[in-house]
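As they're listed, the protein sequences go chains A and B. Heads up, the first sequence is in the numbering used here, so the first residue is 7 and it goes up one at a time. Heads up, the second sequence is in the numbering used here, so the first residue is 2 and it goes up one at a time.
Any given hint could be a false lead.
[Said to hold, decoys possible] With beta-carbon atoms standing in for the labels, derived distance ranges:
(1) B:Ala198 with A:Gly78: 31 to 37 Å
(2) B:Arg109 with A:Ala110: 40 to 46 Å
(3) A:His106 with B:Glu218: 54 to 60 Å
[As the list claims (entries may be wrong)] With the C-beta cut set under 7 Å, the calculated list includes, among others, these residues of chain A facing chain B:
(4) Ala77
(5) Ile90
(6) Phe131
(7) Phe134
(8) Met154
By construction, these hints were calculated from the structure, which means they are not laboratory data. Glycine included, C-beta positions come from ideal geometry on N, C-alpha and C.
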Amino acid sequence: MTLFRTPRLLAPRLLAPRLLACLGLISAVTLTASVGHAQSAPGVSVNHGWALATAAVGDPTTGYFTLTNTAGTPDTLTKAACPIADHTIMRDATGKTIDHLVIAPGQTVIFGPQGPSLALSDTHFQLFRHAVVPCSLDFEQSGAIQLMLHVEPKDATAYTKPMGE
Amino acid sequence: MTEDQLYQGNRRYSSWSLRGWLAVRLAGLDVQDTVIPLQGGDTAAIKAVSPSGMVPYLVHQGAEIWDSLAIIEYCAEFHPALWPADRIARAHARAIAAEMHSGFRALRLAMPMNLMRSLPGVGQTPDSLADIARIEQIWHSTAARFGAGGPFLFGAELTGVDIMFAPVCARFLIYQPPLSAGGLAYINVVRQHKLVAAWYDLAAAEPASWLVAKYEEIT
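Let the sequences and hints guide you as you build the complete structure.
Listed below in structure tokens is the structure:
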């Protein structure tokens, strides 16, 4: 779903003065389905991307998402990169750095607080709640897939489903 | 006829011209609009009039200004509200206006402005999306600290900072990258401003002969 189909489509509900009052005070409603979603490539889909808010420039954060391999063959995640940070590292559930992750046919892998994760360090700016952080994931079979991390509060433990997703 | 002129490129494509025009109109300067159709590269007619060979170029009461941020500064001499009154807020405004002026190259390259097109999903590269994330962070932090209820970045009125970001808002409406709810609300309120709306109307009225193939062929 895309909210804006043409430049002239200005959703009236977005124009209410109170809603427009302050960017920092607008509700948590996320109006694009693509937030927290990533593009699908044949075989692997990436969904429910989220990350933790930060307090300042340079602060580290952690990124999570869900991988599903719908192909009949295994695929391997070989690299993750989020250009808003100097370094993006893949970690397993113990926190150990990994350089690849095999996803079996039909398997779903949840990157989450209890599982593998992405560690972003030396971030280029503060990540505010509701921000959208772009990343890319490289797979041996599926190629590069775009991942969007929807920023949750820094003490969040789970992904908050945006409206419309 | 006044000899004072604001030379501009096509309203449809020229993001820098949009900035200059908004500042001049907001300041109420009595200048004539002169649009020089772009040719998609070197445009001889622009080189013939502008010291930098680029637009916008403002000629006003003996002053000649050929840079959009400099035009905003010049217009602020007539309309000080283009910058926030408070020193700290004004410093912040100038800092982010300058960042917009000199940065975000990846976004500019990936998502050129064409006001009459809708290209959702086009131009999303890791670098352009990183630029967008930074722009959203600027908007969020500025509104939170200085917005005072909005709807613009420094409060109730359009300022030079909003003018600097106006073409970015246009790009976001055209290419529809993933944005926060706050970002979506902001680009809509900028689009609704009467001067921005007027610019869109002028763009829509441009003749077909002014279309530039390389800008129209983006898919």
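Results of checking the hints against the structure:
no. : hint                               : verdict
1   : B:Ala198 with A:Gly78: 31 to 37 Å  : violated, 53 Å
2   : B:Arg109 with A:Ala110: 40 to 46 Å : holds, 42 Å
3   : A:His106 with B:Glu218: 54 to 60 Å : violated, 39 Å
4   : Ala77                              : violated, 23 Å
5   : Ile90                              : holds, 5 Å
6   : Phe131                             : holds, 5 Å
7   : Phe134                             : holds, 5 Å
8   : Met154                             : holds, 5 Å
Of the numbered hints given earlier, the model fails hints 1, 3 and 4; all others are met.
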